[in-house]
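Taken in sequence, the protein lines are chains A and B. If you read the first sequence in the numbering used here, its first letter stands for residue 54, the second for the next number, and so on. If you read the second sequence in the numbering used here, its first letter stands for residue 205, the second for the next number, and so on.
Please note that a few of the clues may not be correct.
Cross-link-like lysine-lysine pairs, in silico, DSS-like; alpha carbons within 27 Å at most [unchecked claim]:
{"id": "1", "chain 1": "B", "residue 1": "K278", "chain 2": "A", "residue 2": "K130"}
{"id": "2", "chain 1": "B", "residue 1": "K426", "chain 2": "A", "residue 2": "K130"}
{"id": "3", "chain 1": "A", "residue 1": "K130", "chain 2": "B", "residue 2": "K271"}
{"id": "4", "chain 1": "B", "residue 1": "K279", "chain 2": "A", "residue 2": "K348"}
{"id": "5", "chain 1": "A", "residue 1": "K348", "chain 2": "B", "residue 2": "K426"}
{"id": "6", "chain 1": "B", "residue 1": "K426", "chain 2": "B", "residue 2": "K313"}
{"id": "7", "chain 1": "B", "residue 1": "K313", "chain 2": "B", "residue 2": "K459"}
{"id": "8", "chain 1": "B", "residue 1": "K446", "chain 2": "B", "residue 2": "K337"}
{"id": "9", "chain 1": "B", "residue 1": "K446", "chain 2": "B", "residue 2": "K426"}
Here are the simulated distance ranges between beta carbons [said to hold, decoys possible]:
{"id": "10", "chain 1": "A", "residue 1": "P95", "chain 2": "B", "residue 2": "L419", "range": "35 to 45 Å"}
{"id": "11", "chain 1": "A", "residue 1": "R151", "chain 2": "B", "residue 2": "E267", "range": "45 to 55 Å"}
{"id": "12", "chain 1": "B", "residue 1": "G427", "chain 2": "A", "residue 2": "V332", "range": "24 to 34 Å"}
{"id": "13", "chain 1": "A", "residue 1": "E331", "chain 2": "B", "residue 2": "K431", "range": "20 to 30 Å"}
{"id": "14", "chain 1": "B", "residue 1": "K426", "chain 2": "A", "residue 2": "P242", "range": "28 to 38 Å"}
{"id": "15", "chain 1": "B", "residue 1": "Q232", "chain 2": "A", "residue 2": "P232", "range": "26 to 36 Å"}
{"id": "16", "chain 1": "B", "residue 1": "S449", "chain 2": "A", "residue 2": "F279", "range": "19 to 29 Å"}
{"id": "17", "chain 1": "B", "residue 1": "G362", "chain 2": "A", "residue 2": "A177", "range": "26 to 36 Å"}
The set of hints was computed from the structure by calculation and includes no laboratory data. Here the structure is a predicted model, which means the values were calculated and not measured. Every residue gets a Cβ at the ideal spot worked out from N, C-alpha and C, and that includes glycine.
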Amino acid sequence: MVAADSEGRKDPGVRMFRRERSIPLRGSAAALCNNLSVLQLPVRNLTHFGVVHGPSAQLLSAAPEGVPLAQRQLHAKEGAGVSPALITQVHWCVLPFRVLLVLTSHRGIQVYESDGSVMVYWHALDSGDASPVQAMFARGIACSGHFICVGTWSGRVLVFDIPAKGPNIVLSEELAAHPTSITDIASEPAQGQDCMADMVTADDSGLLCVWQSGPKFKLSTRIPGFGVPCTSVQLWQGTVAAGYGNGQVRLYETSTGILHVQINAHARAICALDLAPEVGKLLSAAEDTFVHMWKLSRSPESGHIEVEHCHGECVPDTQVCGARFCDPSGRSFAVTGYDLAEILRFSSV
Amino acid sequence: MSVRTLPLLFLNLGGEMLYILDQRLRAQNIPGDKARRDEWTEVDRKRVLNDIISTMFNRKFMEELFKPQELYSKKALRTVYDRLAHASIMRLNQASMDKLYDLMTMALKYQVLLCPRPKDVLLVTFNHLDAIKGFIQDSPALLHLVDETFRQLLEIYGGLPAGEFHLIRQTLLAFFQDLHIRVSIFLKDRVQNSNGRFVLPVSGPVPWGIEVPGLIRMFNTKGEEVKRVEFQHSGNYVAAPKEGSFELYGDRVLKLGTNMYSVNRPVETHMSGPSNNLASQTQQSIAPPNPLAKEELNFLARLMGGMEIKKPGGPEPGFQLNLFTTDEEEEQAALSRPEELSYEVVNIQAIQDQQRNKELARIMGEFEITDQPRWSASKGDDLLAMMDEL
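Sequences are here, hints too, so could you generate the full structure?
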């Protein structure tokens, strides 16, 4: 395990990270992007983890020291097709009145109660005008207000209206702004006074769309791609953080779409980004075996977003496929890797 | 998953198979005039490779292969290679066929995992095809067939966007997930660890189109760079020298997919399965019970129906090829072969009664490979006659 820390004035408290006890998985992690979801439950002193294996996904809960407590496996709902349906992503959605777990696959979208015990909703993908050479799948999950948004292979984003309780979930809208498959979706509560949340969707061409959520989602900014897939995306205080297939992390202003920071962060495609919003920390992970931590801030002079490198971690011989912070202050994070049947954990000393 | 993965998987695995068979046949090479009736000569070797390659690149077969379709299970695909390996006078027993398939699979897993860019899997495929053309230099008709496949690959994959290649890569890696067989030549070269996992280097050239990590650039509203900061990166990367060629002929630059076996680096016999931990057994425990699904059987029938097996002129014995150097090693390998890697012959009782699958049952019935040093001439004839009728 190799750690590299940048020079410069830094909060020494988060400079060094050590490897904590791993959590074993029943099945190895699949080589997908964004293949780790974490639900922090500090009140109950629990952390939930979700990892996709292939035709199944594993949910497990762990105590603070990483001691696994309970686990459950979910399977993709079968439909027509030759091989078993593969899951593309699993993600917890924290809505104002409830927490739901969403699972996307090559057949459709499955929505569960947060512990995965009960499926409350199933949406089958509509082949529509898919040509035989296109693989159908749902991918990209985020919640915004009382909506859950899920991306699809065609570029359409499905918007589901979620009631405060019960299974009466309704498909309320289909957003059609992307020409190619959706890769990831992120959201955060809006900064303005009108209490509308912001959301960003990303696709295989690298195009980013920023939306204002509401009964009807409104496209507010379009940030063109440059021929490289945007594999993972995050939103923080009016800034879009986007990770790309060429190993770059780029930060854009949501209101203008202007590029303010470009980081040559990784030597392979980025597979995951995560944010600790309370402290403005960004985590980037890639197939090059590295996980990097960055500190976002606003320049006092220009007001533009700036970034500095905090920490780098090498996970030897592991093609990382998921990375998430495990606490709101960004003091600990977890990592998954292709073919690895454990969740690796790191925390600052 | 991507529906365009099968041609890449099949051609690359086929290429690895040819590398291994070629090396093994050379190792057992006896000069023509000194050879006894049951020993391999240079002429035999060339003929075996020729026969397999001509079966592989048969037009009808390629047509089926290139249709957009999902990937089938390892078992189904293994059946195709069983048949391919027997497209000549060569015979492999179960243990040798097992080992051959394991070597092919681990080699391709390594190549896919280490591809710098997802698109580079195409360069790996071209490396295999370039080498295959090297095996059949004196057969212009065969060369033409291979070139046709080359062109088809260029047509289908040449213009695919990066996102599609990402999906193809993910599909291939899903196929190879949880395979950790240790291969001697990989262990020796230190590209594989003793736990069966491949080494992922953090030094060397970055992929074409990627910048060396370590730089942060900040811009103002006008797009002008206002600040430039470097950060420490414990990898040791340098810029990519040049891009490999995606043309019919050209320098591929990438070494993955070229022949790693040679006279000095023979196909070694020591192989072991994954260590006995929970993870390696998960693939079997999670997957639903197997006989081959109906759709897989239909696929096999279609695919192998397109395979034309050449019948050699006149009665001729089939020659046994052994991938192990001694009988003891072979026995040991069979004993120590982990349960989850056993590729049993498909249980044909599971097949529903369908016309197509009756044909398939007939094909399957041929795969009872018995341990004989030499087929009698008549038996060999019957076998080939059966294949011919399809």
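To see whether the hints hold, each was checked on the structure:
1. B:K278 / A:K130: holds, 22 Å
2. B:K426 / A:K130: Status violated; Cα separation ~50 Å.
3. A:K130 / B:K271: Measuring from Cα to Cα gives roughly 26 Å; hence the hint holds.
4. B:K279 / A:K348: violated, 49 Å
5. A:K348 / B:K426: Roughly 24 Å separates the two Cα atoms, so the pair holds.
6. B:K426 / B:K313: violated, 46 Å
7. B:K313 / B:K459: holds, 15 Å
8. B:K446 / B:K337: Judged against 27 Å, a Cα distance of about 24 Å means the pair holds.
9. B:K446 / B:K426: Between K446 of chain B and K426 of chain B the Cα gap is close to 33 Å, so the pair fails against 27 Å, i.e. violated.
10. A:P95 / B:L419: 35 to 45 Å: Given about 37 Å between the Cβ atoms, the range holds.
11. A:R151 / B:E267: 45 to 55 Å: Between R151 of chain A and E267 of chain B, where Cβ atoms are some 52 Å apart, the hint holds.
12. B:G427 / A:V332: 24 to 34 Å: Holds, at about 29 Å.
13. A:E331 / B:K431: 20 to 30 Å: holds, 26 Å
14. B:K426 / A:P242: 28 to 38 Å: Given range 28 to 38 Å: holds, Cβ gap about 31 Å.
15. B:Q232 / A:P232: 26 to 36 Å: violated, 56 Å
16. B:S449 / A:F279: 19 to 29 Å: For F279 of chain A against S449 of chain B, whose Cβ atoms are near 24 Å apart, the range 19 to 29 Å holds.
17. B:G362 / A:A177: 26 to 36 Å: holds, 34 Å
When each numbered hint is compared with the structure, violations occur for hints 2, 4, 6, 9 and 15.
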